[in-house]
Amino acid sequence: MLDRLRRFRPVGTPGGAGPVGVPEDTRTGVPAELVGIFGALDEVIAECREIREQAGRDAAELVDAAQREAAGLVAEAGARATAERAETAAAIQAGGEVAAEQTRTAASAEVDLLTRRGRERMDELVALILERVRDNAGAGRAGVV
0 MLDRLRRFRP
10 VGTPGGAGPV
20 GVPEDTRTGV
30 PAELVGIFGA
40 LDEVIAECRE
50 IREQAGRDAA
60 ELVDAAQREA
70 AGLVAEAGAR
80 ATAERAETAA
90 AIQAGGEVAA
100 EQTRTAASAE
110 VDLLTRRGRE
120 RMDELVALIL
130 ERVRDNAGAG
140 RAGVV
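Start counting the sequence shown at 0; every next residue gets the next number (numbering that gives the first Met the number 0).
If you're looking for bench data, these hints aren't it; they were derived computationally from the structure. Be aware that one or more of the hints could be misleading.
Unchecked claim - Between beta-carbon pairs, the in silico distance windows are:
{"id": "1", "residue 1": "Leu-33", "residue 2": "Gln-53", "range": "23 to 33 Å"}
{"id": "2", "residue 1": "Val-110", "residue 2": "Ala-89", "range": "23 to 33 Å"}
{"id": "3", "residue 1": "Ala-99", "residue 2": "Gly-77", "range": "26 to 36 Å"}
We put the CB at the ideal spot given by N, CA and C, even for glycine.
Throw the hints in and build the complete structure from the sequences for me.
Quick look at the structure:
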């Protein structure tokens, strides 16, 4: 193509050495000679324009589809996160309830142990207190006489 276009480069009059070319046709001019070549390109240019426009539309559709998919994924992730939070909270609460029940059971066992020990020692302590009271009462009478 470039060779054809170079062929139409205007040159000077015949004679001395100069660039290779054909003499300029001043009757029709270069534009008239190139109309056929560039006229054939009009269809290609229009086709290229249509391809670019279609590519733009396709790209816009792909972007829209990707945005819709991304929004769906974000919504799904949000729902899953909410469900996971609820599940985790329930597990923590259940673990806390188990720990509280274990603490209540241990406290109840300790209360029972202390109550039993208190009952076992009650008679011994009452006897000891009575003995001391009697000793103190006896010591007080001895001083009164």
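* Asked: So which of the earlier hints does this model not fit?
  -> Those not satisfied: there are none.
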